[in-house]
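Sequences are here, hints too, so could you generate the full structure?
Here's the letter readout for the chains.
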Amino acid sequence: MTNAGALADATHAKGDEIIILEGVDKYFGDFQALRNINMRVGRQEVVVVIGPSGGGKSTLIRCINRLEKHDRGRVVIDGIELTDDIKNIQEVRRETGMVFQQFNLFPHVTVLENVTLAPRQVRRMPKKEAEELAMAMLARVKIPEQARKYPGQLSGGQQQRVAIARALAMQPKVLLFDEPTSALDPEMIKEVLDVMEELAATGITMIVVTHEMGFARAVADRVVFMADGEIVEVGTPEHFFTSPEEARTRQFLAQIL
Amino acid sequence: MTIAEVETTGTTRPAQRLSPLQWTRRHLFRTWYDALITAGFGALFAWTLVGVVRFLITADYTILRLNLALFMLGSFPRSQLHRPAGALLLIALAVGLAAGALSAQRRDIAAVMGLPYRSGRMREVVRRFWPALLLVVIFLALTETITPTLLAVGAAALGFAGTWVGKRLPVKARKVSWAFLLVLPLAVYFILAGLGGVGWRGWGGLHLNLFLTFAGILLAFPLGLLLALGRRSSLPAVRTLSVAYVEFIRGVPLITLLLMGAFALGLFLPSGLAPGIVTRVLIAITLFESAYIAEVVRGGLQAVPRGQVEAAQALGLSPWKIMRLIVLPQALRATIPAMVGQFISLYKDTTLVGVVGLPEVLSVGQDVNTQPQFLAQGLERLTLPFAGLIFWVGSYTMSREARRLERKLGVGER
Chain A
1 MTNAGALADA THAKGDEIII LEGVDKYFGD FQALRNINMR VGRQEVVVVI GPSGGGKSTL
61 IRCINRLEKH DRGRVVIDGI ELTDDIKNIQ EVRRETGMVF QQFNLFPHVT VLENVTLAPR
121 QVRRMPKKEA EELAMAMLAR VKIPEQARKY PGQLSGGQQQ RVAIARALAM QPKVLLFDEP
181 TSALDPEMIK EVLDVMEELA ATGITMIVVT HEMGFARAVA DRVVFMADGE IVEVGTPEHF
241 FTSPEEARTR QFLAQIL
Chain B
1001 MTIAEVETTG TTRPAQRLSP LQWTRRHLFR TWYDALITAG FGALFAWTLV GVVRFLITAD
1061 YTILRLNLAL FMLGSFPRSQ LHRPAGALLL IALAVGLAAG ALSAQRRDIA AVMGLPYRSG
1121 RMREVVRRFW PALLLVVIFL ALTETITPTL LAVGAAALGF AGTWVGKRLP VKARKVSWAF
1181 LLVLPLAVYF ILAGLGGVGW RGWGGLHLNL FLTFAGILLA FPLGLLLALG RRSSLPAVRT
1241 LSVAYVEFIR GVPLITLLLM GAFALGLFLP SGLAPGIVTR VLIAITLFES AYIAEVVRGG
1301 LQAVPRGQVE AAQALGLSPW KIMRLIVLPQ ALRATIPAMV GQFISLYKDT TLVGVVGLPE
1361 VLSVGQDVNT QPQFLAQGLE RLTLPFAGLI FWVGSYTMSR EARRLERKLG VGER
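Sequence lines, in order, name chains A and B.
So for the first sequence, the working numbering puts the first residue at 1; every next one is plus one.
So for the second sequence, the working numbering puts the first residue at 1001; every next one is plus one.
You may find that some hints are simply not true.
[As the list claims (entries may be wrong)] DSS-like cross-link-like pairs, simulated, lysine-lysine; straight-line CA separation at most 25 Å: (1) B:K1321 to A:K128; (2) B:K1321 to A:K127; (3) A:K149 to B:K1172; (4) A:K149 to B:K1167; (5) A:K69 to B:K1321; (6) A:K173 to B:K1321; (7) B:K1408 to A:K149; (8) A:K87 to B:K1175; (9) B:K1175 to A:K149; (10) A:K173 to A:K128; (11) B:K1172 to A:K127; (12) A:K149 to B:K1321; (13) B:K1172 to A:K128; (14) A:K149 to A:K173; (15) B:K1348 to A:K127; (16) A:K173 to A:K69; (17) B:K1175 to A:K128.
Since the hints were derived computationally from the structure, they do not count as laboratory data.
And the structure:
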């Protein structure tokens, strides 16, 4: 196997491991979306997943909080293995926040209520405490002044920052980003990436699926390249962008850089 | 010339305001055949208008005057008229309270969001509810004594008093005032029929139609909601049952269910156990309506994007909370137009209970023509439009209010 070295690298993570994927396969009907995924992510690590569309990137991180059910292999998050046990699933979801490409804010409630919803309903936090927490999170993404508005009244960049605050309010151990800037107008991408970069510096574990190579280069501890449902190559940003080993990686980078 | 200049000059066109004469010429008399069509339809319109006005002026309204109570209340015992009067006052108070509380709520929201807020003025109330007000005026004009007018004034006064109080209720009491609206049909039933009252005896006229409509909605809505959720259930048995129920009911005319409720139900139950005719009819209406509401709700559920559920799942919300807090609020909002259409058709469908012998408004409109002094004089031309007007006012008001609500709720849309 030519990429045995890369896979060995993929299983290596600094510190203890919070996310473990072993031999994960995922099918949509006859189509195999994930092929034998092995990946370990350490606490406080920032992993950026890149690769061509349809390569399985989104499916990969959606298997981490069970928005997709994997068909084979093991997914273990912070010591909890994801099985059909609904309790385990809920526990993992409480510990992982997710930010979506389309924001998916709840349009029928205010920004503040978007952020307080989960702490109140899932963590049973009192209203006042939840609102204080929410305002702190909104301040962290730099839009506390929008708290009383409805999502529809905000720009795309602001909405995505609210979505980040909403995920942060559950004080998750892991944050998953599924192409967070792909639906944004160009002038709004930076405000979201800046917030994400600041988050990365706080030491929260992050897995980011993105096409923003600048972000990958600047923020990632490791870059994972996926294509055709496989992890093709893993490495540090310097290694990855300067001397990629795999032909498919080089081809992809040649297309986008 | 810069691009900005080009755009500016491109968008500022000289204002084209037509004088009425110019407008008429351009739109109605552009060519000779336009003129011909305009003249033809103009004549037809004028002829119709003159005919209707002449009819309205010269008609003898005695039949409506003498039977107004029948139109309103059916053969409700006349010695018990204080009951519907009391019910009306209670309704006025409850609606006033709820409206006041709602207005205060909107004022608070507007204040928080820094939007301007105008409190509802008298003029706006008239503009919104003019058909209903017109109907009340017509009713009062047809009455013989002063009592109904006093009652109407009393109800209006209570309504305003309720609004005044509702606006000043503490925040927590607001919800109570809305919940009051939900139990109102029950309260009205108790006032009319309970407390040593008349039971279902003599129920009829407009108050029967209205009662069946509101009680039907309140009973059928939860049932319809459950059926819609059942249709999406992951349990095959629940899903199959829901689908079977909805498809069966939707394949049967309401009149069949009414006839079965009225005549066949008694055959299945031991005698004496079968509930009264109004109850049976209400059960039939509820069963029928819930199937349609289920379909409306299902449409709303499908309109909620998948990403909403995924976002809620990712936050760790339980399936039940996702449904209650995320999916249903959005789904029901999306169904407002269809739901109101359903309610309007229910309101009109209540005329069908006439078939099983209940004296609702339309049946009254026909039956009064069999009274000896009005027999065979073709007075249906008066009584049937009168019944129609009563329905139009309710339906039109519902439809307008629904459009308003839709616009209002639009604030939270994406």
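Cross-check of the supplied hints:
Taking the CA atoms of B:K1321 and A:K128, the gap is about 21 Å. The hint holds against a cut of 25 Å. A C-alpha spacing of about 17 Å is found between B:K1321 and A:K127, which places the hinted pair at or below 25 Å, so the restraint holds. Annotation: proposed proximity of A:K149 to B:K1172 holds, straight-line Cα distance about 23 Å (limit 25 Å). Distance hint between A:K149 and B:K1167 is fulfilled; the C-alpha atoms sit about 24 Å from each other, no more than 25 Å.
About 21 Å separates the Cα atoms of A:K69 and B:K1321, which keeps this hinted pair within 25 Å; it holds. For a cut-off of 25 Å, the pair hint linking A:K173 to B:K1321 stands: about 23 Å separates their Cα positions. Distance check on the hinted pair: B:K1408 and A:K149 sit about 15 Å apart at the alpha-carbon level, within 25 Å; holds. Annotation: proposed proximity of A:K87 to B:K1175 is violated, straight-line Cα distance about 35 Å (limit 25 Å).
As the CA atoms of B:K1175 and A:K149 are separated by approximately 23 Å, the hinted pair is consistent with the 25 Å bound. For the hint pairing A:K173 with A:K128, the CA-to-CA distance comes to about 23 Å; that is within 25 Å, so the pair holds. Distance hint between B:K1172 and A:K127 is fulfilled; the C-alpha atoms sit about 15 Å from each other, no more than 25 Å. For a cut-off of 25 Å, the pair hint linking A:K149 to B:K1321 stands: about 23 Å separates their Cα positions.
Pair hint B:K1172 plus A:K128 holds up; C-alpha atoms about 17 Å apart against a cutoff of 25 Å. At most 25 Å may separate the alpha-carbon atoms for a hinted pair to count; A:K149 and A:K173 exceed this at roughly 28 Å. For the suggested pair B:K1348 and A:K127, the alpha carbons sit about 45 Å apart, so the restraint of at most 25 Å is broken. Between A:K173 and A:K69, the direct Cα distance comes to roughly 21 Å. Compliance with the 25 Å bound is thereby established for this hinted pair.
A C-alpha spacing of about 21 Å is found between B:K1175 and A:K128, which places the hinted pair at or below 25 Å, so the restraint holds.
Of the hints listed earlier, those the structure fails to meet are numbers 8, 14, 15, in rising order.
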